[in-house]
Amino acid sequence: MGNHFAKTFSSSLGKKLIMSLTGLFMCLFLVVHLTGNLQLFKDDGGQAFNAYTYFMTHFWAVKIISYILYASIIVHAIYALVLTLNNKKARTVGYAVYAGEKSSPWASRNMGILGTVLLIFIVVHMSNFWAQYHWGGLPYTRYETELQNPENVTITELPVSTTEIMHSEYIDVQNGNQVLIAKDLYKVVYLSFKQWWYVTLYVIAMLAMSFHLVHGFKSGFQTLGLDHKRYLPIIKLLSVWLFGVLIPIGFALMPLYIFFFK
Amino acid sequence: MSGNMNLTLKVWRQKNAGDKGGFVTYKAEQISPDMSFLEMLDVVNEGLVKKGEDPIYFDHDCREGICGMCSLYINGRAHGPKRAITTCQLHMRSFKDGETITIEPWRAAAFPVIKDLAVDRSSFDRIQQAGGYVSVNTGGVPDANTIPIPKVIADEAFNSATCIQCGACVAACKNASAMLFVSAKISQLALLPQGQAERYQRVQAMVAQMDAEGFGNCTNTGACEVECPKEISLTNIARMNRDYFTSKFLKEE
Chain A
1 MGNHFAKTFS
11 SSLGKKLIMS
21 LTGLFMCLFL
31 VVHLTGNLQL
41 FKDDGGQAFN
51 AYTYFMTHFW
61 AVKIISYILY
71 ASIIVHAIYA
81 LVLTLNNKKA
91 RTVGYAVYAG
101 EKSSPWASRN
111 MGILGTVLLI
121 FIVVHMSNFW
131 AQYHWGGLPY
141 TRYETELQNP
151 ENVTITELPV
161 STTEIMHSEY
171 IDVQNGNQVL
181 IAKDLYKVVY
191 LSFKQWWYVT
201 LYVIAMLAMS
211 FHLVHGFKSG
221 FQTLGLDHKR
231 YLPIIKLLSV
241 WLFGVLIPIG
251 FALMPLYIFF
261 FK
Chain B
1 MSGNMNLTLK
11 VWRQKNAGDK
21 GGFVTYKAEQ
31 ISPDMSFLEM
41 LDVVNEGLVK
51 KGEDPIYFDH
61 DCREGICGMC
71 SLYINGRAHG
81 PKRAITTCQL
91 HMRSFKDGET
101 ITIEPWRAAA
111 FPVIKDLAVD
121 RSSFDRIQQA
131 GGYVSVNTGG
141 VPDANTIPIP
151 KVIADEAFNS
161 ATCIQCGACV
171 AACKNASAML
181 FVSAKISQLA
191 LLPQGQAERY
201 QRVQAMVAQM
211 DAEGFGNCTN
221 TGACEVECPK
231 EISLTNIARM
241 NRDYFTSKFL
251 KEE
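As you go down the protein sequences, you meet chains A and B in turn. By my numbering, the letter at position 151 of the first sequence is numbered 151, and the numbering carries on one by one without gaps. By my numbering, the letter at position 165 of the second sequence is numbered 165, and the numbering carries on one by one without gaps.
Honestly, the hints are just simulated from the structure, not real lab data. Misleading hints may appear alongside valid ones.
Claimed, not checked - Computed list of lysine-lysine pairs in DSSO-like fashion (alpha-carbon distance at most 30 Å, straight line): (1) A:Lys7 <-> B:Lys251; (2) A:Lys187 <-> A:Lys262; (3) B:Lys251 <-> A:Lys229.
Sequences are here, hints too, so could you generate the full structure?
Structure, rendered in structure tokens:
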């Protein structure tokens with residue numbers, strides 16, 4: 001039984017299946033990630049974003065999915081490397097003249113390079129935000145929303161030196177406030193996106209992601225054998241317009257918006 | 001005669017499988033634009049033979065585009081610059097007078113060079129032998145049309161069956177993957193009623209042989225489909241994947 005699956009997944013098609021499933025899972029994640037992070041555009045001093053961050057890092061179901069996501073990133077990268085090395089071995093003597101552009105799109109021939117750019121980006125991105133949030137000793141911020149008049153929010157940055165602050169959400173009955181004390185990841189994001197080189201890196205990475213996904217999304221379905229002519233046009237449409245245009249632009253707008261307009 | 005072309009050829013010459021090989025430059029003079037590419041090479045070879053040199057070795061047979069024997073990677077493309085034809089159907093009018101043409105053999109570890117431009121494609125035969133057939137028990141000859149097959153299915157199976165095993169898909173693929181060929185051979189039988197009995201063993205056996213031969217892994221670039229002289233479509237690969245995953249995860253075969 002175990003042997004059967006080990007054999008299946010070490011075959012060429014089995015490895016492709018893993019690339020496809022992990023890749024498509026990451027595509028799905030991007031939709032959620034973009035939607036959630038649209039809260040960065042909210043002009044509320046990061047209240048919604050920080051509350052959302054706490055939820056995404058502490059709710060058990062989301063945690064399980066995030067572990068699957070980390071595994072997907074690692075497995076996708078490792079299998080890509082294994083497959084690429086296999087493919088190099090399949091052609092030991094290359095062509096002197098190779099007119100690849102005549103028969104296939106550029107992105108499809110450069111998934112490895114695009115993927116490497118994305119992997120570097122993910123490492124930088126996660127060490128700056130994800131690792132900072134978990135172990136970086138971030139400052140806390142208190143958001144006091146008046147119950148009578150929710151338009152009025154008082155934002156207080158709590159000093160870093162204060163020990164033993166905990167994330168808390170409660171109703172302050174005496175002052176008639178709803179209080180949120182949360183780790184201020186918004187501030188970290190804000191400060192990062194005020195640096196021109198960081199914004200540049202993000203925009204370049206999103207360009208790479210666009211090309212990677214224009215090929216990758218529809219390629220994932222082709223590998224799964226899902227190419228019925230009834231829905232293939234929809235997959236191709238999503239590949240280009242959702243994953244190639246809308247999502248990368250949405251992500252790229254976050255650093256650009258903060259850099260230029262905040 | 002006016003209208004004839006003078007060309008410079010950069011041809012891969014390699015004595016045998018063990019030889020390192022390298023490019024040799026030849027002049028092809030007074031070439032008629034109506035010659036096929038192989039006839040142009042014949043003219044060059046005649047000149048070489050007259051000079052007492054070893055002629056350029058290349059594969060060919062029917063010279064009418066149906067046998068799959070001719071190959072050649074011409075100016076960076078399998079079977080040259082035109083779509084949906086083999087090298088024997090490529091005419092010199094597709095080139096310009098004075099042009100330099102680079103001619104290389106198919107490049108794949110599973111297609112070792114025999115000599116010059118000819119490669120050993122017996123790995124394809126071994127994949128076929130692993131399962132690309134239908135076992136028919138002897139008995140009476142069935143009447144025609146006893147097995148109904150819808151027209152669209154018959155057409156699709158026929159399209160897959162037009163594969164001539166030339167190997168252009170492998171040559172054109174940046175990964176030297178044979179999946180277009182293997183999937184066409186699997187599809188032509190998987191689509192028809194006669195192929196059902198062995199359908200799921202077949203796909204497993206042929207994919208296993210393909211892997212054992214050392215072909216690369218498909219990354220869905222689509223170059224094979226573009227360069228295939230018989231226009232075998234990528235949907236064959238999707239069908240092979242479906243059958244393979246079905247056989248591995250859903251069937252007890």
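Verification of the hints:
1. A:Lys7 <-> B:Lys251: Satisfied, since the Cα-Cα distance of roughly 16 Å is no more than 30 Å.
2. A:Lys187 <-> A:Lys262: 12 Å, holds
3. B:Lys251 <-> A:Lys229: Answer holds: B:Lys251 to A:Lys229 is near 25 Å, not above 30 Å.
Hint violations for this structure: none, all hints satisfied.
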